[in-house]
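Visitor: Let the hints inform the model, and build the full structure from the sequences given.
Everything in the sequence shown is counted per the numbering used here, starting at 230 for the first residue and increasing by one.
No wet-lab data here; the hints were simulated from the structure. Misleading hints may appear alongside valid ones.
[Said to hold, decoys possible] What follows is a set of in silico ranges between Cβ atoms, one per label pair, in the way DEER data are often shown: (1) Glu390 with Lys317: 28 to 34 Å; (2) Asp282 with Thr472: 42 to 48 Å; (3) Asn311 with Tyr375: 24 to 30 Å; (4) Leu281 with Glu434: 38 to 44 Å; (5) Ile356 with Glu434: 57 to 63 Å; (6) Tyr285 with Tyr309: 35 to 41 Å; (7) Leu281 with Leu391: 29 to 35 Å; (8) Lys269 with Tyr374: 20 to 26 Å; (9) Cys369 with Lys260: 17 to 23 Å; (10) Leu350 with Arg257: 51 to 57 Å; (11) Ala254 with Lys328: 36 to 42 Å; (12) Asn321 with Tyr375: 18 to 24 Å; (13) Leu384 with Glu352: 17 to 23 Å; (14) Asn331 with Asp488: 44 to 50 Å.
[As the list claims (entries may be wrong)] Listed next, the in silico DSS-like pairs over lysine-lysine satisfying Cα-Cα at most 30 Å (straight line): (15) Lys400 with Lys444; (16) Lys430 with Lys400; (17) Lys507 with Lys435; (18) Lys430 with Lys474; (19) Lys317 with Lys351; (20) Lys444 with Lys353; (21) Lys332 with Lys260; (22) Lys328 with Lys232; (23) Lys453 with Lys474; (24) Lys398 with Lys360; (25) Lys507 with Lys473; (26) Lys363 with Lys328; (27) Lys444 with Lys430; (28) Lys453 with Lys495; (29) Lys507 with Lys495; (30) Lys430 with Lys453; (31) Lys269 with Lys317; (32) Lys332 with Lys430; (33) Lys334 with Lys241; (34) Lys353 with Lys332.
Fair warning: this is a prediction, and the values are worked out from it, not measured in the lab. Idealized CB from N, CA, C, for every residue including glycine.
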Amino acid sequence: MVKYIRLSKKIKSGNVYTGILSRPAISRFEKGLSDTTTVKLFKIISNLNVSLDEFYYIYNKKNNMDNDYNFYNEYTHSFYLNDLESLKLLRNTAIEAYKSTNKIKHLHYSSLTDLTISYILKEKNNIESLKILKDYLLECDEWTYYELVLFTNSLDFFPEELLLLLHKKAKEKLEYFSQLRRYSNEVFSLLTNILVVFITKNDIEKSTYFYKELKKSMSETNNKMYEKVMLSFFKELIGIIDTKKSDAQTIEQIIILFDYLEMPVKKNQCVHLYENVKSNNQIE
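Guide: Have a look at this one:
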């Protein structure tokens, strides 16, 4: 992979390896016949003018190994469509993958899809599946992108006290992730999902708190228009909870913007949330 990047950038071997690897070691390393230390690899990646995130992305793309991305793509699509058959297939595939590889992420994926199926069917959560996710996230001292995404997708299944506890645990990482272009959308997504939980509960205090957290997480990405629309939408919903009055025209104007953004699924979610808030506050 290092050789592939080096040659694609037309960078000479000496510009990458001088002071790091000897000439015979370079040949073996680029042919995949030997490994090197983590410290040396970081130096090599830096000399290629590539960030560690970019290197990981290129490596996954080149080797077709981005299974996390593929799983969450399929999971999210199936969840939004309430496609139980697809979710069951995902769950069974994850179970088999865990049995054959013993990789913990497949156990998490099977637990997540299992809880999602129960959620759609309005059945009680599988206690074991919930425990697997809860224990892992609580016991994990160093959260990375993986834990952040797992938490984001598990919010609907956690009781309020656990959700707040895990958010407190994750918060120390949110500022760090928000500075990384690749991850900034996930920070906004996490806070958005937490905010939806408390708006649905009609909890004005926690909704206001997480709205402020969400506002602070505004990124400089191409999704800034979307983020502004969501902030405006949430502000109106919190206003309804606070005043027991609804400005239907303003809400409708905001929701129409999702057509402009070509986000029909998000539009439907927002319409549903708006109706939920009106119902909770006895507004016709």
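Visitor: Honestly, which of those hints from before does the structure not fit?
Guide: 5, 6, 9, 20, 22, 31, 32, 33
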